[in-house]
Amino acid sequence: MAAASDRQAMTATPMARALCALAACWALAAHAAPDTLLGVDDARLLLTRTGFGATPAEIVAFSALSRHQAVDRLLDATITRAVAPPPPELTDPATMLRPARDAAAGERKAFRRRQRDAGLALRAWWLREMLVTPSPLTERMTLFWHGHFASSQQKVKVAALMYRQNVTLRANAVGNFGTLLHAVAKDPAMLVYLDTVQNRRGHANENFAREVMELFTLGEGHYAEQDIREAARAFTGWSIERDSGTYLFRPRLHDAGIKTVFGKSGSFDGDDVLDLILARPETARFITTALWRELVSPEPDAAAVERIAARFRDAHYDIKALLRAVLEDDAFYAAAARGTLVRSPADLVAGTLRTLDIVPANMLPYAIACAGMGQNLFSPPNVRGWPGGDAWINTNTLLARKQFLERIARADNFGEGAAMAPAPEGPPRRLRSAKFDADAWMAQVPHDTGADSRARALRMLLPIDAVDAASIKGDVPGVVRAALQDPVYQLE
Amino acid sequence: MTSRPHLVSRRRFLAWSGALAAAASTGGAELAFADAPSPAHYDKLLVLIELKGGNDGFNTLVPFADPGYAEARPKLAIARDAVVQLSDRAGLHPALAPLNALWKNNELAVLQGVGYSDPNLSHFRSIEIWDTASKSQEYLQQGWLTRTFAATPTPATFAADGVIVGSNDMGPLAGGGTRALALADPARFMQRAKLVHAAASRGNKALQHVLKTEADIVQAASRLDSEHAFTTLFPATAFGNAIRTACRVVASRASVAAVRVTLGGFDTHAAQAPTQARLLRELAEGVAALRAALGEIDRWNSTLALTYAEFGRRPQENQSAGTDHGTANVHFAMGGRVQGGMYGETASLANLSPNANVAHAIDFRSVYATILERWWTVDSRAVLGGRFAPLPFLVT
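Sequences listed follow chains A and B, in order. Quick note, in my numbering, the first sequence goes up one by one and the last residue is 500. Quick note, in my numbering, the second sequence goes up one by one and the last residue is 508.
Read the hints as simulated data drawn from the structure, not as lab findings. All values derive from a computational prediction rather than experimental measurement. For every residue, glycine included, the Cβ atom is placed at its ideal position computed from N, Cα and C. What you were told as hints is all true, and nothing was included just to trick you.
Which stretches of chain B does chain A cover? Using the computed rule of at least three CB atoms under 8 Å from a CB of chain A, they are:
hint: 1; segment: 230-241
hint: 2; segment: 278-285
hint: 3; segment: 306-317
Take the sequences, apply the hints, and build the full model.
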């Protein structure tokens, strides 16, 4: 059949060839429309869902790309290391040294205070990275994995270990999921958080073995209690070298006996168990479903998930292949999916600052505001991470969000004064102001994107039509302020 | 269909005549028709205290007379002479000493062995089972209080059905269809509420949720202020602050039927003893403050406080001087109209295999049924998906 139609095409008249090309184009358009330009609305959708807000200039630049080109550009721009320099106390191993067991109470208290302060610096640093990164997608995925492979400073205590975990998540955020899983399993913060360091031959602690299956890879219902007990034995001996705080295998604590996991038996170690998990089809399905909820809609389309999960497995867990499959899928751009995702607090804070082109000199008040909205970075509520979706919004968190947005729009800089101040480590591309500059912002919005300045501004700020359109009026600062208070601003 | 529809069975006839007889004796007031005012007593307050992470019940109510206890707990066992003795078999963890005043006043019911069949050992799944009052293998979307208030609404004069204090997880008030507030501080809530304007529901599910939350804020904000200045000293802990906020809400004109506060950190897989002692002390001091403050405004006699948690912990301590996820657990029902005493039973710990967990004596839904039927006088069967016998821990 294929050969026959090739021959036909080769011998056909120019008119017939043109019709064939057109038909092929339609067929593709029905699925992925590779050559159609995104336009302003799809560009905004793509950028805000794969990053943290978007400036009008970024939206306009992406509007002239096809889906495929736009996704290429996002994936090509990904990085593996943060650009904002980390606070020195997070990279100095000396800050991690815990006081001895018999240390005086004052010494222990000083340690706790140091870790608390370092933890605050850590939160401010990450939020700044979300703001200044050349690849918002890298940070969005790093945040996604932080929620997925949740660990909390509340239990880990040592801020430098939380920082190192963040570095590991970013290094693999758009890399390979198998590599990421193995790295996270040996990550010192995770070893502490899920008690792997307590897991010894003859005295297994099942915490990590349970959560790695339930929450990190397979999902509930795809393993047995027996698999957890046996897998826990395989992870015995995974430990931490006390002074350096790095992973250390302690052979004397490892149970080298035969374990049976998913019906397979052998003298498995932890890496073997992770490979057994990666060989199960449920893993790709589980990760694809989680990413769908993050990027597309709260109601995953089972057929699309199945199709994309198969591609993810075929690509040997290449996260870029997974992202490409999701971001080029029609479902991602469907009208019905717009405005169905509730923005996370980190996205609301970093995204609003990015959208309005504001880079504050001090990020700490913003990190604290983010925590007040229910997302204390580096301290998710439990190993399931933040539940997300509608659960982000209750009366308490919604009021915290609205108050934050009001302060930003009123150019109240959380005590920083109104003077123009470049960020200390701001990006070289151009000077950003420490407060909202309505004129500079509006100058980025081309005139052909709306009937008047109000319409043009709303198209940049809101994912769907405003609920209270009548109250959004006045000059540009007034329009922006009212748009930020509209209920749909909470969505993307 | 062999029986004719107009024929009433003998059993149903007897049930009817019984109801009519009861109605006759009370002037008909007990017959609740669809359009009659709700007979529910939502003026009685429920305070739920979540012990998040799964509190270790065996070191909360210490079964010191059980020879299996010391065997299972070589490092963690609490000596008989250290406990607050409640009976010749069991006593409270020493950090719970402030609860002794309630016990002596018959205001503390100790519910032993509370759990459910086919227990799940995942924190998330098990708390979901408790919060939704589902069976172990049943997945429900709405919290059990959400279903209660949907079936039998609170009076329209109430500012909200329930309040979640100091947590962003709505727990038993999760799912649509209820008026639930989450708040940390009433004064700040009212200040910020000025930014909100209620709009009619529309759009997708996420937008509907945002709009519903805005409507809840507008309705509650006007009535959260309170004239009362408590003389009670609230503990200077996060839990103490949550108790103070709960008391302020109760003292305001808001009127709510339920409040949920949370004390977290009970997932003590390692070095349990100091952590649990600190948490239980916070719990007991918080409860003592709740009792004193609600006593000031004459609400302790119309308050029922109840602890709950996703599960208890395994009898056998682990090698890290901690305990792993278990099943049945001990809980406390407290209040001015509680019938103090011991209910249910703690399973024997003798001859347990090392990883064994214990069977439950009280289904947690029987505790809920007690609240629904004996406290609020609302139907429990539909809410709980079946008949669960109430317990006699309330003075009625």
